[in-house]
Each structure stands twice: as structure tokens, then as C-alpha cells.
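**Q** Now for the letters of each chain:
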Amino acid sequence: MSTSSGYISSTPSLEPSGTGSPVLEVDDLHVEFRVRSGVVHAVNGISYHVDQGETLAILGESGSGKSVSAQAIMGILDSPPAVITGGGIHFQGRDILTMTEEEQRQIRGPGIAMIFQDALSALNPVYSVGFQIGEMFRAHRGTSKKEAKQKAIELMDRVRIPAAARRVNDYPHQFSGGMRQRVMIAMALALDPRILIADEPTTALDVTVQAQVMDLLKDLQRDTGMGLILITHDLGVVNEVADRVAVMYAGRIVETGTVDEVFTRPAMPYTVGLMNSIPQVEAKGGRLKPIVGQPPNLARIPSGCPFHPRCPRARTGAAAAAGRDCVTDLPLLRVVTPGREAACHYSEEVLGG
Amino acid sequence: MGRYVARRLLLTIPVLIGASFLIFAMVYALPGDPIRALAGDRPLAPAVVAQLRAQFNLDDPLVIQYGKYVAGLTHLDLGTDFHQRPVLEIITDRLPVTVKLTVVAVLLEASIGLVAGVFAGIRRNGYFDNLVLVSTTLIISIPILVLAFVSQYVLGLKFGWFPIAGIQQGWYSYLLPGLVLASGSLAYVARLTRTSIAENMNADYVRTAKAKGLPRRTIIVRHTLRNSLIPVITFIGADVGALLGGAIVTEAVFNIPGIGRAVFDAVRGQEGAVVVGIVTLMVFFFIFFNLIVDVLYAVLDPRIRYD
Ligand SMILES: Nc1ncnc2c1ncn2[C@@H]1O[C@H](COP(=O)(O)OP(=O)(O)OP(=O)(O)O)[C@@H](O)[C@H]1O
Ligand code: SF4
Ligand SMILES: [Mg+2]
Numbered sequence: 001m002s003t004s005s006g007y008i009s010s011t012p013s014l015e016p017s018g019t020g021s022p023v024l025e026v027d028d029l030h031v032e033f034r035v036r037s038g039v040v041h042a043v044n045g046i047s048y049h050v051d052q053g054e055t056l057a058i059l060g061e062s063g064s065g066k067s068v069s070a071q072a073i074m075g076i077l078d079s080p081p082a083v084i085t086g087g088g089i090h091f092q093g094r095d096i097l098t099m100t101e102e103e104q105r106q107i108r109g110p111g112i113a114m115i116f117q118d119a120l121s122a123l124n125p126v127y128s129v130g131f132q133i134g135e136m137f138r139a140h141r142g143t144s145k146k147e148a149k150q151k152a153i154e155l156m157d158r159v160r161i162p163a164a165a166r167r168v169n170d171y172p173h174q175f176s177g178g179m180r181q182r183v184m185i186a187m188a189l190a191l192d193p194r195i196l197i198a199d200e201p202t203t204a205l206d207v208t209v210q211a212q213v214m215d216l217l218k219d220l221q222r223d224t225g226m227g228l229i230l231i232t233h234d235l236g237v238v239n240e241v242a243d244r245v246a247v248m249y250a251g252r253i254v255e256t257g258t259v260d261e262v263f264t265r266p267a268m269p270y271t272v273g274l275m276n277s278i279p280q281v282e283a284k285g286g287r288l289k290p291i292v293g294q295p296p297n298l299a300r301i302p303s304g305c306p307f308h309p310r311c312p313r314a315r316t317g318a319a320a321a322a323g324r325d326c327v328t329d330l331p332l333l334r335v336v337t338p339g340r341e342a343a344c345h346y347s348e349e350v351l352g353g
Numbered sequence: 001m002g003r004y005v006a007r008r009l010l011l012t013i014p015v016l017i018g019a020s021f022l023i024f025a026m027v028y029a030l031p032g033d034p035i036r037a038l039a040g041d042r043p044l045a046p047a048v049v050a051q052l053r054a055q056f057n058l059d060d061p062l063v064i065q066y067g068k069y070v071a072g073l074t075h076l077d078l079g080t081d082f083h084q085r086p087v088l089e090i091i092t093d094r095l096p097v098t099v100k101l102t103v104v105a106v107l108l109e110a111s112i113g114l115v116a117g118v119f120a121g122i123r124r125n126g127y128f129d130n131l132v133l134v135s136t137t138l139i140i141s142i143p144i145l146v147l148a149f150v151s152q153y154v155l156g157l158k159f160g161w162f163p164i165a166g167i168q169q170g171w172y173s174y175l176l177p178g179l180v181l182a183s184g185s186l187a188y189v190a191r192l193t194r195t196s197i198a199e200n201m202n203a204d205y206v207r208t209a210k211a212k213g214l215p216r217r218t219i220i221v222r223h224t225l226r227n228s229l230i231p232v233i234t235f236i237g238a239d240v241g242a243l244l245g246g247a248i249v250t251e252a253v254f255n256i257p258g259i260g261r262a263v264f265d266a267v268r269g270q271e272g273a274v275v276v277g278i279v280t281l282m283v284f285f286f287i288f289f290n291l292i293v294d295v296l297y298a299v300l301d302p303r304i305r306y307d
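Quick note, the sequences are listed as chains A and L, same order. Residue 345 in my numbering sits at position 345 of the first sequence, and the numbers go up by one each step. Residue 24 in my numbering sits at position 24 of the second sequence, and the numbers go up by one each step.
Derived from the structure by calculation, the hints contain no laboratory data. Keep in mind the model is a prediction, meaning the values are calculated, not measured. It cannot be assumed that every hint is accurate.
[What the hints assert, rightly or not] Restricting the straight-line Cα-Cα distance to at most 35 Å, the calculated cross-link-like pairs of lysine-lysine (DSBU-like) are:
| id | chain 1 | residue 1 | chain 2 | residue 2 |
| --- | --- | --- | --- | --- |
| 1 | L | Lys-68 | L | Lys-100 |
| 2 | L | Lys-210 | A | Lys-218 |
| 3 | A | Lys-145 | L | Lys-210 |
| 4 | L | Lys-210 | A | Lys-146 |
| 5 | L | Lys-158 | L | Lys-100 |
| 6 | A | Lys-146 | A | Lys-218 |
| 7 | A | Lys-145 | A | Lys-218 |
[As the list claims (entries may be wrong)] Coverage of chain A stretches by chain L, computed from C-beta distances (three or more under 8 Å per stretch; other residues unrestricted):
| id | segment |
| --- | --- |
| 8 | 68 to 76 |
| 9 | 108 to 120 |
| 10 | 130 to 144 |
All residues carry an ideal CB built from backbone N, CA and C; glycine is no exception.
Whole structure, please, built from the sequences with the hints as guidance.
**A** Here it is in C-alpha cells:
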């Protein structure tokens, strides 16, 4: 699929500021939830970047902070109780967190867009899909209602919804799950965002439909050159579409690198567990099976390496090297091989087999 | 939709027949002799009593009386009261007064209830929200009769802000009775709006609206209020019918000459024809506004379809 006539060019002010610099850079981001029972440390200093046209996959078991970090970028955290307690989110070189409310709003849509897992609840049931897609143009470009609808039809065509012109006035509940997710995608792509965050975009769909939606996303990314942050449990999909991967555990990134490297030679015991949890990575639709032990309680994260209660390689006391006691010393994310970072005291041994 | 409405309208006929029969039976079962009550202290000649009893079929069994009543209905004859005044005339005479009272009540219910509910719902657990919670709890727990007398005494008699009774001062006379009549529903509307908004503010599609970069006002008005108001509007619609019927107490206390007051007097005088005519009309209003609400629901929420 080439750049079709339905392609909508981006606002000039949102063009990449300079070549080479990442479009999005998350820097030591911290998010906590202050709830009645205490403080839940959902995101504890994550950093990553996404370049133009690149796909970064974020992996990690349930509750590891994948969605919360995405919501922080999007500015849609439930606050209260959520509080961003530190770090920066740089979009095209500027920190979103220091922008005014209005500046942030202008980035949502044309700059960064997001699609959600459950399109049925993410779309407003009382407005037609055409209206909801068209809203993007009306809110950001002041487009007339009529013209916005026309644009909505073009976008629906673009995400390959059959008979778009006839269905533009239909309501979300009148579409199948896969078509609804396409509506979400059309809406997110309306203003040609530089970054698209897809939070488990296919989890709620049938297996056959999952592949179609992923193919569509890939094609659209190729056409637009947007950066894609893909949050998923599906290692098969990651293997197929992602360039780099970041593995999250207890609100931290514990390993990052190219998909090929991380998948074939993980440098951190948690990642090893993830890879072993499915027989073949190539098997599509394979979901993560939990690693032995309970996921950490984010209100009381274990000392030292948060993974140590579950880690088969954990060393403590006399067995540990100086300053590398898994129970007391927190391993920081460090370069283990060129282009590879892992947060483990004993990555070299893990890599060595 | 058209067929659905037609079917529902047809269904009201048997319901009205059943309702009118029940009301008829209840009046029939009332103790005491209406003719003697009518006469009061003055003794009536036995011949006159007999003539009246015959005219109003009072000596017939219930079913025969009802049959004769229905027979009259077929040519729009709703019977007369004991003073020979046609019931139809009583209704056309009194109904506009009750309609006015109901309009005032519904307007107060919708405006005050909605505004209070919206602000309470948007800033939940704030000062205003707590005020709304406490005051609505109070209003809901006080019987309307007490509320009517107290407001009549305090606001009408003591402060003199409102007329105490009657409708001599036009629309202004309807304000206090309207408020009393609407009070319970008003409190309920405020609560319903508050809950509905609070619920919708956490909805996924509101989060989507924010992620789309819509302005705050659009998010609140278009994606929160619009959805939240569906249950509220339908409640108010159904309540119109209920208020028309609920006017009996208010009209009696504030001496408003509407159909509620007429029914109140008719029950005391055992005026069977008047009671049956008016109460059946109230039942009809109730059913009718419920039908309107069902239609409205489908208009407001595209997921609802009647086929
Ligand atoms: N509204 C909230 N209030 C309190 N805690 C929250 C809230 N939202 C998220 N959390 C906490 O933040 C943590 C991270 O949640 P998050 O949704 O990011 O997980 P996730 O990695 O996306 O998991 P999943 O794979 O299940 O989607 C969770 O442990 C949860 O307890
Ligand atoms: S630091 Fe220790 S506990 Fe943590 S992953 Fe590495 S070996 Fe396991
Ligand atoms: Mg999630």
C-alpha cells in the first residue's frame, strides 16, 4: 500500500525538529498511585526512546507498569490517585511535563496518539464512528462538520473498513470487534501522529482478526513513518513487527535491546523466564505464562533486585560478589553488550549460559 | 418504531379498562351512603332519595353499575356528579390548573435537580457535593404532607414570600406548591445526575476523548454530560405522569382547584363517577408519559432499538 490520497499531512510545527534525535524520549519516569492503603509504586524510573519509523515493543507480566507508563505519556492517568513524581517525557525535544495544559492538548492527536485494548468501551456509544473520527479534525483543525465527515470516510477506507461511505453514520455497537479496532486506529491516525502507542491492540480480538489488524498497523506505519510503541503479551507479534524491545518488571525496565538479540540471548533471568514460557517464539499467538512465584506487590517492592524472590540465579551473602548482593543491592540498567542493556548483577553469567 | 408505538398505544386500552374497573370497585366498597352524606343534616324526602339512587344506579350490583358506566363512555358520557354536573366538564375545567402546576413542578425539578447534580458530580466529595447529599437525603426522608404544611407555614405565612393558598396571583401562586410537589423528584434527579456523571467520568471513552486532545469543555459536555443525562431525562419524562397524579396532596393543602383537588373532594363525597373518571385519566397520563420516555430513550441511546 502506497501513500494514498487519503493521506493527511501533519501540522508543520510538529515535524521532527532535527534529524537523528529520537521523536520520543522518556527519561527516568516515576509514577505512583496514592491510594488509601498506601503508595503503589507503579513506574520506578523508566527511560526509553522511540525513533521515527521504529517499533518499540514493551513486554512484561500483568501489573508491571506498561499501561501506566503509556498513560503518563498520553496525559491520561487517573489523577488522583496517580502522581508523576519524577522524570521527563520529551517529545521532539520538548518536555511534555513542563508544558501548559493547552500545549499538551495540542500534542495529543497530531503528535502522539493511542489505541486501546477494548475498542467497544473506548468508543462513545452514543456517537457515530464517523462523528468520533471527525472530531479529531474539528478539535485540532477547526474543520467543518461536513468536511470532517468526508475525512472520516477517507480514513475508514484507509484502515480497510468495507463500504466506509455507507457505514460512516453507524454506531460502534454495530461493528464487529475487528472493525471497531480499525475505527480506533483510523481515529488515532487521523492527524498523522509522529508516535502511536498501541496498548494491547489485538488482545480482545479473534486470532485470525489479530493478524489482520497487526498487518494493517504495520502497513500504516510504513506509509507514515510514525514511531510505534507496542504493548503486548504476544511474543510472536513482537518477534514479527518490533525493532527493539523493552522488558518491564515491577515498574522498571530490566532489559532492552534489539528483538533478535533479546529473544535469542536474553541477559537477565526474568527475560530468560519469559522466553522459556513458550515453546517456540515463532509460534504465533503464544501468550506469556507466568514465571514461578507471585508478581511483586508494588506497594512493597522487594529490596535489592525486585526479582530476587523469584530468581533462580539470585545470590546473597557469602555467595554474592561484593556490592552485588541480589537481596540488598539494586541492579541498575547497564550496557552488557553493545546495544544491549540489562538490570542484573550477573548478566554476563546469564549470557554465558 | 412507528409500529412499536402503535402497539403500545393499543395496549393502553385494556390497561385503562382494568384500572377503571378496579377504581370503580374500590369506590363501590367504600362504607357509608353517599346520598345521605350529600344531604348532610337536612333530611331528604324518601322519594327524592329513591330517585337519586336510581339515577346513579346505586342499587345495582357492581358489575351492572360498571357495565352502564362503560356503555356511557362509548358516547363520551363520563357520568355526572350528584349535582348533575358532567364529569367531562369538571375535567376540562380543572385540568388546565393541574397542568400548570405540573409544568412548574417539572421545570423546577429539571433545572434545580440537574444543576445541583451536575456540579456535585463533577466535583465529587467537594463542599457542594456534600451539601447536595445532605439536603437531598433530608428532602427524600420527609413526607410530602409535612413538607407541604411546613413550607406553607414558614414561607407563606411567616415570611409572606408566597401566597398561602389558591391561584389568585397567576403563575406566582404555583411556585411554592410546584416546589413542594417536585421536591422528592428534584432530590432524586440531583442524586441520579450526580451518580451518573461520576460513573461516566471514569468511562473508557472519556479517557479516549482526552487522548484525542479534545478541549476540556468538549470532554465534559459532549462525552460526559451527554451520556450521563440519558437516565436523568428518561426519569424526568416518566415523572411527568407521576406528578400529574401526585398532585392530590399538594392541591389539597394549597387549595388549588385542579383535578387532584377534585378527586380529593370526590372521594370524600363518594362521587363514584368523578373519582373513576379522573383517576383513570391520571392512569392514562402515567402510561402515556412512560411511552414517551421509551421513545425518547431510543432517540437518545442508539443502542436501544424497538422492532
Ligand atoms: N487507578 C489506579 N489506582 C491504583 N493503582 C493503579 C491504578 N492503575 C494502575 N494501578 C497499579 O499500577 C500497576 C501497573 O498497572 P498497569 O496497568 O500499568 O499494568 P500493565 O503492565 O499494563 O498490566 P497488564 O498487562 O495487565 O495490562 C498495577 O499493579 C496497578 O495496581
Ligand atoms: S540481580 Fe540477582 S536476583 Fe536480580 S535478576 Fe540478576 S541474578 Fe536474579
Ligand atoms: Mg495494561
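**Q** With reference to the structure, classify each hint as holding or not holding.
**A** So, going through the hints one by one against the coordinates:
1. Between Lys-68 of chain L and Lys-100 of chain L, the direct Cα distance comes to roughly 34 Å. Compliance with the 35 Å bound is thereby established for this hinted pair.
2. Distance check on the hinted pair: Lys-210 of chain L and Lys-218 of chain A sit about 25 Å apart at the alpha-carbon level, within 35 Å; holds.
3. A hinted pair counts as satisfied when its Cα atoms are at most 35 Å apart, and Lys-145 of chain A with Lys-210 of chain L qualifies at roughly 20 Å.
4. Distance restraint check for Lys-210 of chain L and Lys-146 of chain A: the Cα-Cα separation of roughly 23 Å lies within the 35 Å cut-off, and the hinted pair is therefore satisfied.
5. Between Lys-158 of chain L and Lys-100 of chain L the CA atoms are separated by roughly 26 Å; this keeps the pair inside 35 Å, and the hint holds.
6. Of the pairs offered as hints, the one joining Lys-146 of chain A and Lys-218 of chain A holds, with about 30 Å between alpha carbons and a cut-off of 35 Å not exceeded.
7. As the CA atoms of Lys-145 of chain A and Lys-218 of chain A are separated by approximately 30 Å, the hinted pair is consistent with the 35 Å bound.
8. Check result for the segment 68 to 76 of chain A against chain L: holds, 3 residues qualifying (beta carbon to beta carbon below 8 Å, three or more required).
9. For the segment 108 to 120 of chain A, the proposed coverage by chain L is satisfied: 7 residues have a C-beta within less than 8 Å of a C-beta in that chain, meeting the threshold of three.
10. Restraint check on the segment 130 to 144 of chain A versus chain L: 4 residues with Cβ-Cβ distances below 8 Å, three needed, restraint holds.
Checked against the numbered hints listed earlier, the structure breaks none of them; every hint is satisfied.
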